[in-house]
Amino acid sequence: MIENGKRILVKGTYTLIGQEPSNEWLALQICSRLGFSYCPYQIDVMDNRIVSKCENFVSANQEIISAYDIFDLEKKSNSVNDYQHYLNILEKQKVPNAKAELENMIVLDYLTMNIDRHMKNFGVIRNVETLEWEKVTPLFDTGQCMNCSEITKNINFYDGKGKLFYNTEKKFSTYLSLISNFERFDLSKLDGLDKEYQTVLKKYQQFTDMSDDRIEKLVDGIRIRIKAFNAYKEKH
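In terms of my numbering, the sequence shown opens at residue 15 and continues consecutively.
Read the hints as simulated data drawn from the structure, not as lab findings.
Cβ coordinates follow ideal geometry from the N, Cα and C atoms, glycine included.
A few of these clues could be false.
Said to hold, decoys possible - Quick list of in silico lysine to any residue cross-link-like pairs, SDA-like style, CA-CA up to 25 Å:
| id | residue 1 | residue 2 |
| --- | --- | --- |
| 1 | Lys106 | Ile120 |
| 2 | Lys209 | Gln56 |
| 3 | Lys231 | Arg47 |
| 4 | Lys20 | Ile139 |
| 5 | Lys20 | Val72 |
| 6 | Lys25 | Asn70 |
| 7 | Lys184 | Asn95 |
| 8 | Lys209 | Phe199 |
| 9 | Lys134 | Phe85 |
Said to hold, decoys possible - Derived DEER-like restraints, expressed as beta-carbon distance ranges:
| id | residue 1 | residue 2 | range |
| --- | --- | --- | --- |
| 10 | Asn170 | Glu146 | 35 to 45 Å |
| 11 | Ile22 | Lys185 | 28 to 38 Å |
| 12 | Lys209 | Gly49 | 20 to 30 Å |
The whole structure should be built from the sequences, with the hints applied where relevant.
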């Protein structure tokens, strides 16, 4: 749709609960506070339904090359994992801050327990005229996180499995082993986010199928994930 002269992407929800737009909001807040590049989603209500909206983040002379297409540009050596293989390709193309940007994605997905970081929702932005690989795409499409596919009684924020490259059942407890420098991740910057998250969930509750019990579990969930990250960081 066009809004104020700008092309806007509008996304609804895939689940009956209607949690995805608030998940995108949460991911944006985490990224904003930690200094990660992220697509600026906003929550809105259209036709009495909760949606998320964002502007197109590529210009007329840019295109996205997905991780799926990038990964197969070179044959992977058996001596490296999928993550390192992908990073090697980006670094050969001199993509700025490639390692840091990928680590940011891993941290975000760990904190939110994102189960759907498939290889077509991250990649790089290329200039269509010069063919230069300009930068890693901002983080986007984090709606399938925070146990949104689980019924309330089955919500578990202590561990689970997500997608990372071709591993579609990677335990979240193993994600942080890929981080090389924990010092740049100061999660004290997330102080108070749990309360803001609760406020947003309550604000839009009437447009979702979220119970008070579910909201309480989600708010507690982000606290659990932050605590788990900090505990891992202290040991490493």
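Q.
Holds or violated: the 20 to 30 Å window for the beta-carbon distance between Lys209 and Gly49?
A. holds, 21 Å
Q) If you draw a straight line from the CA of Lys106 to the CA of Ile120, is it 25 Å or shorter? A) holds, 21 Å
Q: Please work out if Lys209 and Phe199 have their alpha carbons no farther apart than 25 Å.
A: holds, 21 Å
Q: Just tell me: holds or violated, for the beta carbon distance of Asn170 and Glu146 against 35 to 45 Å?
A: Holds - the Cβ-Cβ distance for Asn170 and Glu146, about 43 Å, lies within 35 to 45 Å.
Q) Has the hinted range 28 to 38 Å been met by the Cβ atoms of Ile22 and Lys185? A) holds, 36 Å
Q: Compare the distance between the alpha carbons of Lys184 and Asn95 with 25 Å, and conclude whether the hinted pair is satisfied.
A: Since the Cα atoms of Lys184 and Asn95 sit roughly 13 Å apart, the hinted pair holds (cutoff 25 Å).
Q) When you check the alpha-carbon spacing of Lys20 and Ile139, does it fall within 25 Å? A) Given that 25 Å is the threshold and the Cα spacing comes to 20 Å, the pair holds.
**Q.** Straight-line alpha-carbon gap Lys209 to Gln56, limit 25 Å
**A.** holds, 18 Å
Q. Going straight from one Cα to the other, do Lys25 and Asn70 come out at no more than 25 Å?
A. Given that 25 Å is the threshold and the Cα spacing comes to 13 Å, the pair holds.
Q) Is the hinted pair Lys134 and Phe85 satisfied, with a Cα-Cα distance of at most 25 Å? A) holds, 11 Å
Q: Would you check the hint for Lys231 and Arg47, treating anything up to 25 Å between C-alpha atoms as holding?
A: holds, 22 Å
**Q.** Proposed proximity, Val72 with Lys20 (alpha carbon, max 25 Å)
**A.** Holds - the C-alpha atoms of Val72 and Lys20 are around 12 Å apart, at most 25 Å.
Hint compliance for this structure: every hint is met.
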